[in-house]
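Same order as they appear, the protein sequences are chains A and B. Sequential numbering of the first sequence, starting at 239, is according to our numbering. Sequential numbering of the second sequence, starting at 320, is according to our numbering.
Just so you know, these hints were derived from the structure itself, not from any lab. None of the values given here were measured: they were computed from a predicted structure. From the three backbone atoms N, C-alpha and C, an ideal C-beta is built for every residue, glycine too. Don't take each hint at face value.
[To be verified] Below, a sample of chain A positions facing chain B; criterion: calculated Cβ distance under 8 Å:
#, residue
1, 301
2, 380
3, 416
[Claimed, not checked] Keeping only pairs whose Cα atoms sit at most 35 Å apart, straight-line, the calculated DSBU-like set for lysine-lysine is:
#, chain 1, residue 1, chain 2, residue 2
4, A, 645, B, 386
5, A, 603, A, 664
6, B, 386, A, 700
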Amino acid sequence: MAVDASGGSVGYEPVIGLEVHCELATATKLFCSCPNSFGDEPNTNVCPVCLALPGSLPVLNERAVDLAIRVGLALHSDVRQCTFHRKNYFYPDMPKDYQISQYDEPLNAGGWLDLPSGTRVGVTRAHLEEDTGKTVHMGGTGRIHDATFSLVDYNRAGVPLLEIVSEPDIRSPQEAREYVAELRAILVAAGASKARMEEGSMRVDVNISVRPAGSASLATRCEIKNLNSLRSLVRALEYEIARQAEVYRSGGSVVQETRHFDEDTGRTASLRSKEEAHDYRYFEEPDLLRLVPGQERVDAIAAGLPAMPAQRRSEIAALFSSAGAGTGGGAGAGGAREDQIAGLVENGLDGLLLAAVNGGVSPEKALARTANEAASRIDEALALDPESYGRLLVMEEAGKLTATQVKAVLSEMLDEGRGDPAAIAKRLGFETMGAGSINASVEEVVASNAAEWDRYCSGEDKLAQFFIGQVMKATRGKADGKAVVAELQRLRSTR
Amino acid sequence: MTGERITIEQAAHVARLARLDVTGDELALYTMQLEAVLEYAGQVAAVDTSSVQPTAHATPAENVMRKDEPGECLERDDVLREAPESMDGMFLVPRILGEAP
Ligand SMILES: [Zn+2]
């Protein structure tokens with residue numbers, strides 16, 4: 239069927255609910271003491287428990303419980319006593335042939351998440367379960383359908399997951415994207431997960447149905463599994479909304495099924511449906527005891543929760559409005575700034591910006607450097623000492639380092655994970671050029687480029703870049719571009 | 320052939336979930352045997368429990384947890400030696416018929 243994903247959904251409204259799985263940032267797995275570590279050699283983080291060898295018994299990881307409770311509290315859930323269940327299924331990614339999950343008594347029940355755009359999305363539950371192993375399909379095209387055999391790595395089997403299920407409160411692909419981004423920011427802020435879609439530590443399944451706009455009924459939904467980027471999420475939803483609308487428009491009915499999103503074609507397709515609906519035969523895990531998070535424990539965790547993204551974004555935005563900055567920048571500039579601030583908060587880099595601003599750097603400069611330079615190497619930037627980072631930007635603000643030099647020093651600091659910016663600047667030979675020597679260099683460059691100087695003086699301002707380049711070359715990047723321009727302008731006005 | 324506690328269709332369903340390929344004769348036999356197992360277990364239902372508090376576990380213990388500290392893992396060579404087949408440090412399994420649930 240041809241589906242026009244652009245305007246094919248006119249007159250229909252999507253109803254979307256999301257199931258997000260995130261790996262919790264523990265040192266060990268959920269029920270055994272194998273390391274929870276991404277990217278290790280296959281099958282090196284395995285033991286009798288996560289390989290389901292006879293006689294082994296699971297023991298719950300206390301830290302995983304605490305992290306799950308942190309997320310529950312951040313999502314305004316009711317943290318309650320809970321049980322673990324076995325979800326039975328046959329698939330080589332779980333050696334036990336069941337996954338330990340939570341069923342009718344989840345750890346976190348109810349709650350909500352407020353999108354930055356204002357919509358409140360209900361949270362049904364956020365429960366603990368174990369991740370599965372990784373399968374690699376071999377032979378054919380490397381896809382499951384024509385593989386001749388598969389290889390299995392159980393390093394991931396048993397890694398703690400939190401599954402966060404939303405209510406079907408989402409009404410557009412853009413809102414779905416916003417929900418995932420905000421949830422990710424909350425997970426990072428709570429210190430619960432790295433939540434990296436590109437590393438698979440955050441995975442998104444969607445439930446989607448469409449109904450005539452204005453209708454309050456719920457139509458048959460489809461599930462799209464394992465969307466591994468925000469872009470795929472939006473594309474898959476756009477396609478699926480148009481597809482379902484087209485089915486209804488042509489008088490058909492949507493079949494409840496699981497569909498797969500193909501990145502290459504941008505389409506969803508039905509997975510070969512099983513001969514029967516899932517029957518996981520859930521039953522309570524006899525090897526694990528009831529978990530009862532006492533009020534004292536929950537209160538202590540609540541007291542230790544840092545500020546959440548919404549609050550941090552508004553605190554940073556307030557720096558700009560109180561400085562009276564950016565007024566007149568227009569809505570476009572404001573939107574770009576909002577996006578930059580949101581990106582920093584989502585990745586937990588806003589502490590660097592604040593350290594710089596507290597040191598006296600303008601919010602604009604601090605935002606620009608942090609969003610452009612620091613955020614390009616998130617992992618290393620997270621390891622930086624904010625105070626040292628602040629001092630680096632203060633050096634730039636005070637004119638002691640040029641923009642190029644700041645970037646070079648920062649790059650060293652990120653490489654080493656620490657360092658005193660002044661010492662690094664000195665080691666790199668970035669001594670401050672006095673105004674006198676900058677001016678001398680400008681004069682030399684002007685004298686040896688008479689033709690360009692004439693053009694600049696007759697109004698070709700863009701030649702300033704040429705002169706800056708020449709001065710930078712002559713001073714090996716030590717001159718401050720702004721000082722060069724000032725001197726050029728001074729020379730021109732006194733010519 | 321059909322018992323009071325389990326039908327032949329239910330037995331066939333359970334067999335399918337367990338990925339067991341059973342013949343009609345086997346199914347009839349297993350249904351009877353399962354019926355006997357359920358009947359035996361059903362004796363528990365005859366006990367008067369009206370004065371007994373429901374419990375999820377035989378022990379009243381709760382909140383048994385361990386610290387999040389890494390421990391010993393198995394040697395990969397030892398692990399894979401026990402597998403029917405392996406390749407590149409991974410377990411080799413026959414072709415998988417279908418996506419993960
Ligand atoms: Zn293990």
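- Item | Violated hints, by number in ascending order, as checked against the structure | 2, 3, 4, 6
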